[in-house]
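There are 4 protein chains.
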Amino acid sequence: MKNKLTLLGSLFLMSMSLQAQTDDGIIRLSEFAYPVKRQNLNIPDVNGFKVLKCDFHMHTVFTDGHVWPNVRVQEAWREGLDAISYTEHMEYNPHSADVKVDHNRSHDLAVELAKENNIVLVKGTEVTRQTPPGHFNALFIQDANVLVADNNSNLDQEAIDKAYAQKAFIFWNHPGWKATAIPGSYEWIDFVEKMYQEKKLHGIEVVNGLGFHKKALDWALDRNLTIIGNTDIHNLIAHDYNIEAPGVHRTMTLVMAKDRSASGIREALEAGRTVAWSSNYLFGKEENVRNLVNASISVSPSYHEKTNSKTKVSTKYYEITNNSDLYFELEIKEGKGTKRIVLYPESTQILTAEAGQSKLSYEIVSTYIRSDKHLLFDINLK
Amino acid sequence: MKNKLTLLGSLFLMSMSLQAQTDDGIIRLSEFAYPVKRQNLNIPDVNGFKVLKCDFHMHTVFTDGHVWPNVRVQEAWREGLDAISYTEHMEYNPHSADVKVDHNRSHDLAVELAKENNIVLVKGTEVTRQTPPGHFNALFIQDANVLVADNNSNLDQEAIDKAYAQKAFIFWNHPGWKATAIPGSYEWIDFVEKMYQEKKLHGIEVVNGLGFHKKALDWALDRNLTIIGNTDIHNLIAHDYNIEAPGVHRTMTLVMAKDRSASGIREALEAGRTVAWSSNYLFGKEENVRNLVNASISVSPSYHEKTNSKTKVSTKYYEITNNSDLYFELEIKEGKGTKRIVLYPESTQILTAEAGQSKLSYEIVSTYIRSDKHLLFDINLK
Amino acid sequence: MKNKLTLLGSLFLMSMSLQAQTDDGIIRLSEFAYPVKRQNLNIPDVNGFKVLKCDFHMHTVFTDGHVWPNVRVQEAWREGLDAISYTEHMEYNPHSADVKVDHNRSHDLAVELAKENNIVLVKGTEVTRQTPPGHFNALFIQDANVLVADNNSNLDQEAIDKAYAQKAFIFWNHPGWKATAIPGSYEWIDFVEKMYQEKKLHGIEVVNGLGFHKKALDWALDRNLTIIGNTDIHNLIAHDYNIEAPGVHRTMTLVMAKDRSASGIREALEAGRTVAWSSNYLFGKEENVRNLVNASISVSPSYHEKTNSKTKVSTKYYEITNNSDLYFELEIKEGKGTKRIVLYPESTQILTAEAGQSKLSYEIVSTYIRSDKHLLFDINLK
Amino acid sequence: MKNKLTLLGSLFLMSMSLQAQTDDGIIRLSEFAYPVKRQNLNIPDVNGFKVLKCDFHMHTVFTDGHVWPNVRVQEAWREGLDAISYTEHMEYNPHSADVKVDHNRSHDLAVELAKENNIVLVKGTEVTRQTPPGHFNALFIQDANVLVADNNSNLDQEAIDKAYAQKAFIFWNHPGWKATAIPGSYEWIDFVEKMYQEKKLHGIEVVNGLGFHKKALDWALDRNLTIIGNTDIHNLIAHDYNIEAPGVHRTMTLVMAKDRSASGIREALEAGRTVAWSSNYLFGKEENVRNLVNASISVSPSYHEKTNSKTKVSTKYYEITNNSDLYFELEIKEGKGTKRIVLYPESTQILTAEAGQSKLSYEIVSTYIRSDKHLLFDINLK
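Chains as they are written, first to last, in numbering that gives the first Met the number 0: chain A, 0 to 381; chain B, 0 to 381; chain C, 0 to 381; chain D, 0 to 381.
Bound-form chain A, shown alone (with noise of 0.2 Å):
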């Protein structure tokens, strides 16, 4: 332990020498700042397409968030997010007294900053009216405030025929909000079932922050409606989640997408080509789910053997390494092997099979394909 008594080095022991000293009489302080940066969000190419990160529903003081518009730029920027949408309430706004309200207005004061910060900005806003029917965002709309409906007796229908003239791409958010409070609002009900019929409603936000809405992800996959995921922030998102603690980030929408651009978010969209994310999970249609898991994660070849001595049987070694920023967990389902597996972000586990194997089935439980079923994964062994 004499290290311990000399070693010298530190981050806080050599904290002195962190003062910039300059010649304005002013000495910066500054180890305490936050690392400024972009982080990385790294998950391979999918199939050509490349995956990008968006967050399709989003809040500032405009209505009832708490936050500057800029701030969802520099939010989206430092955690690696290539796409955000404003997404304000129409009918609710609880700042009027104060803020001027213009719906596009969020939107618009964030334009010159995401070109900036290279952040693609996708135009939206969210229909808020009665529950049941609930909210649903438009997005790829020109402009929110001709969507405010008329004060007749039929807002919602109105809203949602005004954004479809905009060409908007629709979908349904949080369909669970108020499960409990309103009984029967958690339905599948007539006007979201008229909506579909029209080709109005093209998709459907199945996990809302950290909330998985379990039928909501069913209607989709048996209606052929985009899967969603976006954090509905209101607050920070360094408040909402633990964002510096390794492997956290934000509730999102991955869109698997021809080019980085507010037309290949829009193509890649409406040809379904979406999985959420949300804290250690994945939601999704099958085929985008393996898609994903595939460009992901792989498999060596065997680089070691071992026989038991007692048993003689024996056991071949492989690295089974996750590529991206995603994170997995596989169960054995058939074969001998190893019988659980958590892939971290960016790192390996060993596996081993028993020798004379050509494959191993796991189920990657953290992958929804279905609100009960998990994506299965065959290793074939080498």
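Hints may be right or wrong, so weigh each one.
Just so you know, same-sequence chains aren't split out, so a pair can sit in one copy or run between any two.
[Said to hold, decoys possible] Capping the alpha-carbon separation at 30 Å, the derived lysine-lysine pairs in DSSO-like fashion look like this:
#1 K161 - K338
#2 K315 - K198
#3 K114 - K99
#4 K214 - K309
#5 K177 - K338
#6 K114 - K311
#7 K309 - K335
#8 K193 - K315
#9 K161 - K372
#10 K49 - K305
#11 K311 - K166
#12 K161 - K177
#13 K309 - K198
#14 K198 - K284
Bear in mind the hints are in silico, worked out from the structure with no lab data behind them.
With chain A's structure known, arrange chains B, C and D on it following the hints.
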């Protein structure tokens, strides 16, 4: 390494069970949520005074800040602060196209939330005219709106006088702010001297954010003005400070007060019982810094002695403990003992001293009791 | 976001100045060094007793551990422990081809280092024969080597008797260790009953590493045996515990002792004044757990009251503070107040209660005062 | 702040459900366990070569280290290393009273574990006689025991010759080790010159632990010797490096090899394709450092342009991305653009440049291609 392959438990690994299943068809994926708590910031009482953690300089969307007023209470609560003050600019309102100008509004909007969170709210404002003379904060005012000066030739003086008429505690903000941009601005100018002579200047903000204004410290010491440290935060604390890292805190004024109340704070400010704390450094009058150090650091009696078989020199062992969340760095000046000691928050180091001495003298290089002077700290050896 | 482009300071950014230039042609690149310190583990005194943090079960290369004895002192010092005990296996020496077998050696090699670091070293050993009866630790012995039993038919009994003859404090380790592998091994067998009757069994290791042995807790409670929790560490603490994460600590026994000494520890062990602490949980006799909780948690008088304008119900606000580095989770049992409270180390939560009540009753679900019973905790409202 | 009172989820808060209940009467309290994983250390291939992370200098209990050999494989696996070498001292065996002296033993004990963990084990030893000449590591040897020199008058030469006879790759360790204690020891002495002339010296350890030996770098560059960086670890990596902090890694040699094998490493070492990496710094031949930088840093085409309305100056925006886990600091030398850029691991910064330029020239001040020279790095603007 057998353990590696068999060990089951880990934060991530158990995450499936982290899902809080509920009966409403929504699964809460909770492990990514921020641990919402008020983190105690431990500093022992100093000679019977409570050490209150205060930030008297901050902004919201009501002037040029990026957050709604409630966020400042959230931040203060989480970070263990006792008191804050909204100090919106009187004359600078870049959001006025969107946000109605009302200089009392951010304070008023936060009053109830502050009460619920037991945060002391000190009503304040920032008088911001030309530089020089620069900016001044006025605390304990009644009405910020009436402070706005008429558009005449003596703007600064009028605003200061109106604040003084409201019995404000007034301090000069970041005196070196435009030191390089406006030559001569970082001087003790006539305007300030007049305020001082008329007892209208009560303190100086020696540390603003992570900038330590060296000359300002000496001005305060020479004139017995109260030493203040503030964030002057416009953005999120979490975006400007690496707040989740161990030992990191925002800049603040430590106020040694008779009780935890607005009046207790005022009495202490007027009596000058403050120390500014920024990064790893403490700035203040020698007496205040010394009292704070004495309350925070303790040295044990010797618990071990060892004699070098060759040199016959005996070494005694002591524990030196930092009982606070502050940080101290000591360098020896006199005596034969450990040359350099770093006392991280709530931690202990071993101190060794040649036997036969009654005292070691250290300089605490992480303190400033003048722009060029650290506190001397004697350790009596037992 | 202007700040992003201009902000200079950050830990990494300043790193050039972190180089401690010296005159010997070697530059120390110090910022990556570990902050070497003893982290205080704060637990307030309990009814005048000091709460000592002790780990009475660990191994080194002298049996089947992976470290030289000095590492165990380093770990204890860094982690804020007060006392440790080397408890090498008497009969299991897998390194004997390389390391000379001497059951006292790891202790002896650490004695001087422990003194320098002010760590109390309790001389111990682990008697490890067949399971059942399993393993027993003997503390406060004089000579481990003489405890090795002759190769006769009554190995276990002889070793226990020899330890008893040395006036050892003896406890049963991890009683459920081979619960599934050897049916019947996790039972209160005759061998143990005989020890107990003859006063040769004084405690039970209720928690071993991260395994809580439920039946063992009840056995200890029913027979008034001392409750022990240990790591039984073989590997590095840093490889088995996520020791750098906030709030993480190794498993240990909290010993409420008259003073910080071997004799103080012995007296407390014999008096049964212990609580085992592992993960977020406390395990112990109700009285001990209650005293520890009372010393750690404080509730403020009400500081705010608010009346709901619709329901006319008044709510009072209180602060509930955890003044220790322990962790508590409370669930309400009686009264109208906050249903669930999580008290992280050194933190505070807001507690609300309907006005007009004098008391709220909580269950502290992070404590076990029996395998199926948590501590009840009443809060008197002021 | 409503969320604060109602938000349920958090790592700690959900901890009750973290208990993995089993049917054997033992509850596993698993959330404190270390997330056991191999952390990928991402560095893109360099001109078709794999960048292997190697540490060729370390000790165990078999000489003066503090750990059993298996711990070094654990550490290497967890930290993403590809190859290690046990280099026990030939002539310094302070544990010999307890541990049988065998210079091959630590390597041999680790062979099977290294195979299972896919860690390349390079057989080595450290020839440690007087200083000067100091210490030398010999890699790729067959038998360390036969290297021990007879007790004659020419110890150093004999040991070196024997290692050379085993076709070892030999490098000089920490040349400035006793620079101040033994004046003249940090010189290019005759003994070393003779080794060099006889082709018995192949590399120099320019960085040892966190010490950068400036003169040694220049010696290696001037004589085309291979540049090496190692930990020379005796204690735990986790006690000497703040290994859990983001961006922290042990000191190592980056070997650009044709394949991940002992022979691949040897070929690269002989060809001099190495860069030493310690703290935030890279040390190596200009060509090697340049290739590594080019593989790691990418600059996007301009994605935005903005014209200052007053000055009419146009500014173009670019993204500069660090695609590796390395760290880079750039300072501008020529051109009008961002003056200082810090590229944290796997992160991106915005680079701005005045329009109309084709190039910016930076110095990468976190690299050393000579003791007084950083790499120059040109950015071609598109």
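Against the structure, the hints:
no., hint, result
1, K161 - K338, "neither (53 Å within a copy, 45 Å between copies)"
2, K315 - K198, "neither (53 Å within a copy, 42 Å between copies)"
3, K114 - K99, "both (25 Å within a copy, 28 Å between copies)"
4, K214 - K309, "neither (52 Å within a copy, 35 Å between copies)"
5, K177 - K338, "between (39 Å within a copy, 21 Å between copies)"
6, K114 - K311, "between (64 Å within a copy, 19 Å between copies)"
7, K309 - K335, "within (18 Å within a copy, 64 Å between copies)"
8, K193 - K315, "neither (56 Å within a copy, 48 Å between copies)"
9, K161 - K372, "neither (37 Å within a copy, 60 Å between copies)"
10, K49 - K305, "between (41 Å within a copy, 27 Å between copies)"
11, K311 - K166, "neither (67 Å within a copy, 38 Å between copies)"
12, K161 - K177, "within (25 Å within a copy, 52 Å between copies)"
13, K309 - K198, "neither (66 Å within a copy, 43 Å between copies)"
14, K198 - K284, "within (20 Å within a copy, 63 Å between copies)"
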